[in-house]
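Peer 1: Below, each chain spelled out in residue letters.
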Amino acid sequence: MPDPLQATLRIAGSGLEAQSARLRVISENIANAQSTGDTPGADPYTRQTISFDSVLDRSLGVPLVRVKTIGQDDTPFKVEHDPGNPAADASGFVKMPNVDVLTELADMREANRTYEANLQVAKQSAELLGQTVNLLKDA
Amino acid sequence: MSQPYVLQLAAQRTQWLSARDALIAANVANASTPGFQATDLQPFSAILDSAQVTMASTNPAHMTPGGDGFAEARVVDSDSPETTLSGNSVDVENEMMKLGEVNRDYTMATNIKRVMHQMIMSVLK
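Each protein sequence line maps, in turn, to chains A and B. When you read off a place in the first sequence, starting at 1, and then add 409, the result is the number in the working numbering. When you read off a place in the second sequence, starting at 1, and then add 6, the result is the number in the working numbering.
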């Protein structure tokens, strides 16, 4: 088995990668919260979802994390009455994306917090490795 | 010559702490993975208590059975208070507490090693 402290750095790294992918998906959703289709009656932007999976790293013997799927949210689109919109259908209704900005913001906070936790783990294992190396200094 | 007992114990302690650190890292990294069960290492004291009594070797050709009994620290499911709807039982706050604990204990163990070395060196100088 390799040094567990090195393994810790790898695991925390995989966590950081996963959480930043999550933040990317959230930012795409928020950026497109008002993106309608461009032809009358066309479907607007569909909210994206992300799911994670833990994979056992054979060389380390510990579960790393990776992005499993980036899927689409199939909740129905909201409909607004806006006859002037280029995406409005014959009766003046426009399909709006199924993105709820409040949900996205809550999810963003959670991703943020988990990212920070992973960062803390990485920092700490680097510090512990440093302490061990420093034993050589005054021997 | 075998190592002084304190140094040996400190080495085992750091070994155990770094293994625990890796498990904490795995829990934190999988904090959003559906169905992930948080794990922890068996307490260090439990491992010391269960350390096997080895037979005295009266002849250098005798082999000790089953190693020193330390390397096999068992991984156990951690008793986290809640499981989310997705079946994930990682409690990030709890993991951060454990991380602080590991940090303090590791510092303690390395400082003990340092002091032991200084004592040995003070005899030699």
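Calculated directly from the structure, the hints in this document are not laboratory data. Among the clues, some could well be false.
To be verified - Keeping only pairs whose Cα atoms sit at most 30 Å apart, straight-line, the calculated DSS-like set for lysine-lysine is:
1) A/K487 / A/K477
2) B/K131 / A/K477
3) A/K532 / B/K131
4) A/K477 / A/K532
5) A/K487 / B/K131
6) B/K104 / A/K487
7) A/K546 / A/K532
Since this is a predicted model, take the numbers as computed values, not measurements.
Peer 1: Does each hint fit the structure? Answer for all of them.
Peer 2: Against the structure, the hints:
{"no.": "1", "hint": "A/K487 / A/K477", "in the structure": "holds, 28 Å"}
{"no.": "2", "hint": "B/K131 / A/K477", "in the structure": "violated, 60 Å"}
{"no.": "3", "hint": "A/K532 / B/K131", "in the structure": "violated, 37 Å"}
{"no.": "4", "hint": "A/K477 / A/K532", "in the structure": "holds, 26 Å"}
{"no.": "5", "hint": "A/K487 / B/K131", "in the structure": "violated, 81 Å"}
{"no.": "6", "hint": "B/K104 / A/K487", "in the structure": "violated, 45 Å"}
{"no.": "7", "hint": "A/K546 / A/K532", "in the structure": "holds, 21 Å"}
The structure is inconsistent with the numbered hints 2, 3, 5, 6, although it conforms to all the rest.
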